[in-house]
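Asks: So the chains spell out like this:
Protein chains: 2
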Amino acid sequence: MKKIINDPANVVPEALHGFAAAHSDIVRVHLGPDYIMRADAPVSGKVAVVSGGGSGHEPLHGGYVGAGMLDAAVPGPVFTSPTPDAVLAATQAVDGGKGVLHIVKNYTGDVLNFETAAELAGADGIEVSPVVINDDVAVEDSTYTAGRRGVGGTVPLEKIAGAAAARGDDLATVTAVSQRVVANVRSMGVALTACTVPHSGEPSFVLPDDEIEMGIGIHGEPGRRRVALQPADEIVAGLLGAVVEDLPFQRGDRTLLMVNGMGGTPQIELYLAFGIAARLLADRGIEVSRSLVGNYITSLEMQGMSVTLLKLDDEMTQLWDAPVHTAALRWGT
Amino acid sequence: MKKIINDPANVVPEALHGFAAAHSDIVRVHLGPDYIMRADAPVSGKVAVVSGGGSGHEPLHGGYVGAGMLDAAVPGPVFTSPTPDAVLAATQAVDGGKGVLHIVKNYTGDVLNFETAAELAGADGIEVSPVVINDDVAVEDSTYTAGRRGVGGTVPLEKIAGAAAARGDDLATVTAVSQRVVANVRSMGVALTACTVPHSGEPSFVLPDDEIEMGIGIHGEPGRRRVALQPADEIVAGLLGAVVEDLPFQRGDRTLLMVNGMGGTPQIELYLAFGIAARLLADRGIEVSRSLVGNYITSLEMQGMSVTLLKLDDEMTQLWDAPVHTAALRWGT
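Protein sequence lines, in the order shown, are assigned to chains A and B. All residue numbers for the first sequence refer to the numbering used here, where the first residue is 1 and numbers rise by one. All residue numbers for the second sequence refer to the numbering used here, where the first residue is 1 and numbers rise by one.
It is possible that part of the hints are untrue.
Same chains, same names: a pair is fine if it fits in one copy or spans any two.
Under the rule of at most 20 Å between Cα atoms (straight-line distance), these lysine to any residue pairs were calculated in the SDA-like manner [said to hold, decoys possible]:
{"#": "1", "residue 1": "Lys-98", "residue 2": "Glu-115"}
{"#": "2", "residue 1": "Lys-2", "residue 2": "Pro-231"}
{"#": "3", "residue 1": "Lys-2", "residue 2": "Arg-167"}
{"#": "4", "residue 1": "Lys-2", "residue 2": "Leu-229"}
{"#": "5", "residue 1": "Lys-311", "residue 2": "Asp-233"}
{"#": "6", "residue 1": "Lys-2", "residue 2": "Glu-211"}
{"#": "7", "residue 1": "Lys-2", "residue 2": "Ala-237"}
{"#": "8", "residue 1": "Lys-2", "residue 2": "Gly-238"}
{"#": "9", "residue 1": "Lys-311", "residue 2": "Ser-200"}
{"#": "10", "residue 1": "Lys-98", "residue 2": "Val-131"}
{"#": "11", "residue 1": "Lys-98", "residue 2": "Arg-167"}
{"#": "12", "residue 1": "Lys-2", "residue 2": "Val-206"}
{"#": "13", "residue 1": "Lys-2", "residue 2": "Thr-333"}
{"#": "14", "residue 1": "Lys-2", "residue 2": "Pro-203"}
{"#": "15", "residue 1": "Lys-2", "residue 2": "Arg-226"}
{"#": "16", "residue 1": "Lys-2", "residue 2": "Arg-225"}
{"#": "17", "residue 1": "Lys-311", "residue 2": "Val-206"}
{"#": "18", "residue 1": "Lys-98", "residue 2": "Pro-77"}
{"#": "19", "residue 1": "Lys-98", "residue 2": "Pro-222"}
{"#": "20", "residue 1": "Lys-2", "residue 2": "Ala-228"}
{"#": "21", "residue 1": "Lys-2", "residue 2": "Phe-205"}
{"#": "22", "residue 1": "Lys-2", "residue 2": "Gly-147"}
Hints listed in this document are in silico derivations from the structure and should not be mistaken for laboratory results.
From just these sequences and the hints, can you work out the full model?
Replies: If you want it as structure tokens, here you go:
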């Protein structure tokens with residue numbers, strides 16, 4: 001295992017220390033329990049938006065804390081759900097009196113621990129509304145999940161929910177637009193290589209030099225099938241076809257197209273893939289009106305990519321375009 | 001070789017096609033010769049800023065084209081200098097009548113080809129001022145270079161030069177502040193793994209599983225020495241110590257600290273390294289007043305990182321903070 005770390009057991013707190021040092025204008029970091037919150041939280045009279053999950057997917061979620069997006073992010077150990085007490089502490093810290101939206105990726109541990117935290121927060125007088133994201137079309141159940149996994153769609157969900165909260169929507173309204181994102185977003189990914197969790201020291205799986213895993217999960221859990229390494233045209237067609245046909249997206253739809261790197265794939269390949277995806281969508285009469293290309297939800301140093309497609313309406317487009325000021329997404333400020 | 005590509009010979013034009021599709025609000029891409037220019041170029045009455053070099057270092061340089069930074073970027077083939085005619089065409093395309101600054105990383109091919117292009121532009125009536133960046137403290141000469149290599153310092157140089165041009169400075173003034181950046185910025189990098197150029201198909205070098213290369217170049221060219229894999233504390237201390245002692249940076253200096261990923265290193269490791277570097281600088285009484293953490297000048301999928309430190313004055317700080325709207329850096333707009 002080759003990593004720029006000290007003790008594998010301290011990777012997350014040491015990284016959080018650095019994150020706090022780099023972005024002290026945007027966030028404050030609390031250690032024990034660990035959470036990242038907006039520097040100006042709680043924002044009184046605003047619905048708070050909280051997300052979280054295992055670390056190793058950076059910039060998700062901490063990179064999305066700031067004005068116009070998340071009020072807090074709760075990072076667990078690498079690929080391990082945060083505890084209920086950490087989610088509760090973050091929820092209490094950012095509650096501004098108008099309730100808290102929990103954005104939860106559909107993994108068994110995350111769902112259970114956020115549920116427990118929501119119950120405890122409720123007993124404390126804080127109204128919590130959960131939204132579970134399950135956009136991965138690749139598989140129904142997996143090592144970590146009952147039902148579909150939450151993957152790339154989490155990024156536009158957090159942006160749009162955060163913008164709705166920022167403009168003053170109440171908890172029911174923020175929840176409703178968030179559920180509309182969940183209903184209209186689909187994703188699928190591919191791995192070219194595995195990744196290595198620091199405290200295990202061993203690759204999460206073994207992939208032969210001439211094979212790729214279509215439908216990979218963001219923890220390296222199995223996908224749909226292993227196939228021989230293909231040209232980019234075929235890889236992208238495979239991912240995008242599954243995504244488009246699932247919703248299904250249709251001629252005339254306006255969409256946000258996100259081509260996401262899993263952490264170890266060069267930008268030159270992500271842009272090449274974006275070009276292919278945009279052309280294939282044009283062939284189907286589907287408009288790409290917003291785009292995002294880069295490392296936004298990763299699996300440590302895994303080489304690979306995912307395609308996320310969100311069917312936009314006018315309101316979602318406005319909320320996507322609204323100002324945001326976080327470590328990983330920033331515009332309008 | 002596992003990459004998301006089609007024909008290895010077409011990687012750069014296919015990636016440029018995708019880049020144009022993803023960022024049509026910011027850039028236009030010209031193919032044959034290849035260059036990326038601001039969508040609103042030429043900007044009349046403004047000094048134009050042009051950079052370029054081999055591809056494979058993305059987001060450098062195309063990701064920095066846009067308002068407040070570069071007017072054009074000229075991408076060569078992967079790790080190969082752009083031709084003089086491509087640099088000339090970009091220079092002509094963005095000239096707004098006030099002259100053009102060429103930002104050139106100190107590699108033999110880049111320097112020669114930008115010089116030739118500048119002569120040809122001069123014959124065409126365009127005044128060109130070159131600034132050569134050579135911030136790498138690791139080695140004096142290398143496979144690609146006479147003298148020191150240009151590496152991470154290129155990013156703040158392009159930002160600050162672009163901001164000076166945007167506020168209306170004339171060519172001599174933009175050149176002077178650019179030279180002040182070059183005089184005050186130092187960098188050094190480390191590789192944990194090699195990278196593979198698509199058209200070669202083989203790793204650029206071989207690094208044993210238990211060794212790292214301190215002082216690596218951005219093309220995978222040799223550094224100062226190979227050493228056993230070390231804890232992050234020692235890696236960062238080694239890089240930062242060489243950087244600090246070279247200028248030298250001194251107690252009381254205000255600085256921009258950039259911790260840059262080489263393309264294949266997870267953000268969690270980069271933030272961990274940033275935290276160490278910030279602490280070591282605080283121990284020396286050197287203030288980190290601005291920071292940048294992420295993949296900003298890369299070597300394809302190489303795992304590794306570099307540390308760049310720029311000694312700031314008030315004017316450089318203002319120019320760093322000025323609005324920028326590019327694919328890879330955006331604030332204030």
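Asks: Please go over all the hints and tell whether each is borne out by the structure.
Replies: Taking the hints in turn, this is what the structure says about them:
{"no.": "1", "hint": "Lys-98 with Glu-115", "in the structure": "within (19 Å within a copy, 62 Å between copies)"}
{"no.": "2", "hint": "Lys-2 with Pro-231", "in the structure": "between (29 Å within a copy, 10 Å between copies)"}
{"no.": "3", "hint": "Lys-2 with Arg-167", "in the structure": "neither (45 Å within a copy, 45 Å between copies)"}
{"no.": "4", "hint": "Lys-2 with Leu-229", "in the structure": "between (25 Å within a copy, 7 Å between copies)"}
{"no.": "5", "hint": "Lys-311 with Asp-233", "in the structure": "neither (23 Å within a copy, 46 Å between copies)"}
{"no.": "6", "hint": "Lys-2 with Glu-211", "in the structure": "between (23 Å within a copy, 9 Å between copies)"}
{"no.": "7", "hint": "Lys-2 with Ala-237", "in the structure": "between (33 Å within a copy, 18 Å between copies)"}
{"no.": "8", "hint": "Lys-2 with Gly-238", "in the structure": "between (32 Å within a copy, 17 Å between copies)"}
{"no.": "9", "hint": "Lys-311 with Ser-200", "in the structure": "neither (39 Å within a copy, 40 Å between copies)"}
{"no.": "10", "hint": "Lys-98 with Val-131", "in the structure": "within (16 Å within a copy, 55 Å between copies)"}
{"no.": "11", "hint": "Lys-98 with Arg-167", "in the structure": "within (13 Å within a copy, 43 Å between copies)"}
{"no.": "12", "hint": "Lys-2 with Val-206", "in the structure": "both (17 Å within a copy, 14 Å between copies)"}
{"no.": "13", "hint": "Lys-2 with Thr-333", "in the structure": "neither (38 Å within a copy, 39 Å between copies)"}
{"no.": "14", "hint": "Lys-2 with Pro-203", "in the structure": "both (11 Å within a copy, 17 Å between copies)"}
{"no.": "15", "hint": "Lys-2 with Arg-226", "in the structure": "between (26 Å within a copy, 14 Å between copies)"}
{"no.": "16", "hint": "Lys-2 with Arg-225", "in the structure": "between (28 Å within a copy, 17 Å between copies)"}
{"no.": "17", "hint": "Lys-311 with Val-206", "in the structure": "neither (35 Å within a copy, 45 Å between copies)"}
{"no.": "18", "hint": "Lys-98 with Pro-77", "in the structure": "neither (30 Å within a copy, 54 Å between copies)"}
{"no.": "19", "hint": "Lys-98 with Pro-222", "in the structure": "neither (40 Å within a copy, 57 Å between copies)"}
{"no.": "20", "hint": "Lys-2 with Ala-228", "in the structure": "between (27 Å within a copy, 11 Å between copies)"}
{"no.": "21", "hint": "Lys-2 with Phe-205", "in the structure": "both (16 Å within a copy, 16 Å between copies)"}
{"no.": "22", "hint": "Lys-2 with Gly-147", "in the structure": "neither (34 Å within a copy, 31 Å between copies)"}
In the structure shown, a violation is registered for the earlier hints numbered 3, 5, 9, 13, 17, 18, 19, 22, in ascending order.
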